[in-house]
Amino acid sequence: MSEGLVQILDGNTFVVSDSRGDIEASLTDPTGLFSFDTRFLSKWILTLDGERLNPLSVDDLQYFETRFFLVPGTGTVYVDAKLSVIRRRAVGDGFHEELTILNHDDKPVEITVRIEAASDFADLFEVKDALKKQGKYSNSVENGSLRLGYSRETYRRATSISSSAPAIFDETGLTLVAQIEPHGVWTTDLDVVTAVGVGGTYTTPKYHRKGRKARPNMESSLDKWLEDAPRVESDWEPLKSTYRRSLVDLAALRFAPPVMGGHSLPAAGLPWFMTMFGRDSIFTSLQSLPFTPELAATTLLALGDWQGSRLDDFRDEDPGRILHEMRYGEMTAFEERPHSPYYGAADATLLYVVLLDEYERWTGDRKLVRDLEQQARAALAWIDEYADLMGNGYVSYKRRNEKTGLENQCWKDSWDSISFSNGEIPGFPRATCELQGYAYDAKVRGARLARLVWKDEAYADRLEHEAADLKRRFNRDFWVEDGEYFALALDSDGKQVDALSSNNGHLLWSGIVDKKKAKAVAANLMGPRLFSGWGIRTLAEGEGRYNPIGYHVGTVWPFDNSFIAWGLRRYGFKDEAAQIAAGILDAADYFQGRLPEAFGGYARELTKYPVQYPTACSPQAWSTGAPLLLLRTMLGLEPIGDNLLIDPVLPQGIGRLELLDIPGRWGKIDAFGRGRVHVAGRRSRRQLGLAEEIMPKQKRKNGKKARVTA
Amino acid sequence: MLRKATGVLSFDISDGASTAHWSVVLKKGDVLVSRAHDEADCVVTTDRPLFDGIVRGEKNAMAAVLRGEVAVEGDTELLVLFQRVFAGPAESVRRREVAVAGRSS
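Residue numbers (numbering that gives the first Met the number 0), protein chains in the order written: chain A, 0 to 709; chain B, 0 to 104.
Don't take every hint at face value.
As the list claims (entries may be wrong) - List of simulated lysine-lysine pairs, DSSO-like, C-alpha gap at most 30 Å: (1) B:K26 - B:K58; (2) A:K494 - A:K516; (3) A:K239 - A:K516; (4) B:K26 - A:K366; (5) A:K132 - A:K402; (6) B:K26 - A:K132; (7) A:K454 - B:K27; (8) B:K26 - A:K131; (9) B:K58 - A:K397; (10) A:K402 - B:K27; (11) B:K58 - B:K27; (12) B:K26 - A:K454; (13) A:K366 - B:K27; (14) A:K514 - A:K573; (15) A:K454 - A:K667; (16) A:K470 - A:K402; (17) A:K135 - B:K27.
Unchecked claim - Short derived list, chain B residues pointing at chain A, Cβ under 8 Å: (18) G28; (19) N59; (20) R66; (21) E68; (22) G73; (23) E76; (24) S91; (25) V92; (26) A100; (27) R102.
In short, the hints are calculated from the structure, not lab data.
This one's a predicted model, so the numbers in the text were calculated from it and none came from an experiment.
Beta carbons are placed, not taken as given, at the ideal position from N, Cα and C, and that holds for glycine.
Take the sequences, apply the hints, and build the full model.
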């Protein structure tokens, strides 16, 4: 997000403005009122007696509400203003703005208040790619309101603007006259309402029909959301604030897809990715399961509803495939973009089954597992029938939509993310290693559900047999013998794409790694080429394409690290998992509790602070979820039958960690963790830092086990 | 928890002057189609050429809804579930057949 821009949102409706509250968008400028991937307002400029205002301060009240304090006058010298202006704006289905003018003078004043309004009805994709519109605009004044309209064939969108105080409307805005007594106050309520046309009529938002003001749908639920989540107590204060930040951001990232009757799932990122993404919604649901399991349920249902059912090259759709991304804008409507929905992800389908099983293990909700049996079976069938593009028994990807489809269909989706050690880029199809891990895990978990819930022994046996076979082949074909790690991918000739990457951590998480190989994999992850001191780099130092500020070729991703920590725990490397948690949580503290999507892969001792990678969206859902998953891994929470196993190993610097009221099949339960050594009188440090004795380089060579606690 | 994927869809398909009515009952994966006028949870209104195109896999239902060519009122989840029965583009199926044949050879 650019400097100085203010954003508020509710679901996928959001407003981005400057610090005066004004919107002055161009086709490429990302300000405006957006809803369902369409810009409904591109100009919204307030003047008093023809003059723009100066911002004094902006008060972000909530993620859906903000207040701008303004004074008239231009120039740099502060004028002792006789007037001040407050714009209080809340997002609902459109937005509501309460405009207040205070007269500080002892004389009455008469002011001409003008608001210029316009809309370009740009699709988000057009804003990103600066494309031209094809339809017609029509503005009209009717019944004391201004209606901005756009149509292209049967596609219609409109914005209507009204005011509670008497106003004169024209096709470019509205004018009001404010007469204010000495020390008096004048106010008006402005409503900006978005509308979508269907078959010649418009659907009007619900509040409009009932004569209510635009207001957020989620205001009342934020308090309840925070109240319902488990509580964190710790002697390390930053953990508590990071946790709270994560919960509030997760609330803001909730998105209720139109088909889900008001239930929410995590969208990918705010504001540009406020939509359903298969991969991001699933990963975030996995991270937040011990805290807010209802997000996982909605994710499973919504993605299940939209599961692919046919072959469609334009959408890269196959039967059983789980969607990648859904969009609602004009370019999607006219099939200039394939997002209705688009299915080009190779991992979402596998992760769907993983989430379904993990959800049952936490919640015991077998009804949902029964309801989604068909979807889970179709997802599992997709692995062998549609994802094995090379006929070699491995999941691989190659887009069929060569114009607007995605080239890289794994989470590292930038063009150069998959490379050989020497920097060369392989052709397609590509079978990246983590996909095989997810496929293995999906089959193992699918077998568990088949046995437990669907009561199909033969199916369970078959899945287990296939999983075992995949694991055996994978450990043979992907293992880079001389480096003792797994290759990033196999190329179209079955050749190892041999760069060392963080993907090895996801393999631990999936369970596909042979026990006897796990130690070497963990040593590589915690070694100096991958571990920066803050976290594990996406690509190891020394690889041809390594770049500490390259998107997927050297930066540290908090989401990636949270799953790696989970993977390390799965294979018993508890201290190493705690070490990752320490690094990422220390970084979180630098970012005021809000972890960015990625930060620089520079060694910690070099920069002393984490260097943020510039990204468009903040917060990002799976970065928001990372501290949650790290809490789980530090406490060693694992559902076993109807019980929750608690096996805490805390990083140095945390003496006490309590997670209270963890929801699940056990009702609510508390988890307590203590640092293993108590040092009398020692205060907990601001940072968890690096324990002296875990500089992994030296220790690993001696073959000793790394230790985190003194 | 969320509501079950069960309900009644009503299709009103206009063809020039006349409008054909179909009722689709979804019950946990089972589909029953009739001319009955059941009380609908979701009403879908469109015209004959577009509807035929969607059924044959030449048009995409979701994109048509976004364009405003198909009007949907009520529980849209039912339409999302029902549109799965429609075919995909014939060309995509042919390409897949060629690809699979090529792979195994």
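How the hints compare with the structure:
Proposed proximity of B:K26 and B:K58 is supported: the alpha carbons are some 26 Å apart, at most 30 Å. Between A:K494 and A:K516 the alpha-carbon distance is near 20 Å, which keeps this suggested pair within the 30 Å criterion. As the CA atoms of A:K239 and A:K516 are separated by approximately 37 Å, the hinted pair breaks the 30 Å bound. Taken as a hint, the B:K26 and A:K366 pair is honoured in the structure, with Cα atoms around 16 Å apart against an allowance of 30 Å.
For the proposed pair A:K132 and A:K402, the alpha carbon gap of about 20 Å is at most 30 Å, so the pair holds. Only pairs whose Cα atoms come within 30 Å are accepted, and B:K26 paired with A:K132 is rejected, the gap being roughly 43 Å. For the hint pairing A:K454 with B:K27, the CA-to-CA distance comes to about 19 Å; that is within 30 Å, so the pair holds. Under the criterion of a C-alpha separation no larger than 30 Å, the hint pairing B:K26 with A:K131 is inconsistent with the structure, at around 45 Å.
Pair hint B:K58 plus A:K397 holds up; C-alpha atoms about 24 Å apart against a cutoff of 30 Å. At roughly 37 Å between alpha-carbon atoms, A:K402 and B:K27 are farther apart than 30 Å, so this suggested pair is violated. Between B:K58 and B:K27 the alpha-carbon distance is near 26 Å, which keeps this suggested pair within the 30 Å criterion. Of the pairs offered as hints, the one joining B:K26 and A:K454 holds, with about 22 Å between alpha carbons and a cut-off of 30 Å not exceeded.
With a C-alpha separation of about 13 Å, the suggested pairing of A:K366 with B:K27 holds against the 30 Å cut-off. Among the hinted pairs, A:K514 with A:K573 is consistent with the structure: their alpha-carbon atoms are about 15 Å apart, no more than 30 Å. At roughly 29 Å between alpha-carbon atoms, A:K454 and A:K667 fall within 30 Å of each other, so this suggested pair holds. For the given pair, A:K470 sits about 35 Å from A:K402 by alpha-carbon distance, which is inconsistent with the 30 Å threshold.
The straight-line distance between the Cα atoms of A:K135 and B:K27 is roughly 44 Å, outside the 30 Å bound, and the hint therefore fails. With its C-beta approaching chain A no nearer than about 6 Å, B:G28 sits inside the 8 Å limit, and its interface hint holds. Hint on B:N59 holds. Least Cβ distance to chain A is approximately 6 Å, under the 8 Å limit. Given hint, B:R66 at the interface with chain A, holds; its Cβ is 4 Å from that chain's nearest Cβ, closer than 8 Å.
Given hint, B:E68 at the interface with chain A, holds; its Cβ is 5 Å from that chain's nearest Cβ, closer than 8 Å. Proximity of B:G73 to chain A is violated relative to the hint, the smallest CB-CB distance being about 11 Å (cut-off 8 Å). The closest approach between the C-beta of B:E76 and any C-beta of chain A is roughly 4 Å, which is under the 8 Å cut-off, so the hint is satisfied. Hint status for B:S91: holds, given a least beta-carbon distance of 4 Å to chain A, under 8 Å.
Because the closest C-beta pair between B:V92 and chain A is about 5 Å apart, less than 8 Å, the hint holds. Hint on B:A100 is violated. Least Cβ distance to chain A is approximately 11 Å, over the 8 Å limit. The beta carbon of B:R102 comes within 4 Å of a beta carbon in chain A, closer than 8 Å, and the hint placing it at the interface holds.
The structure fails hints 3, 6, 8, 10, 16, 17, 22 and 26 (numbered hints given earlier, in ascending order).
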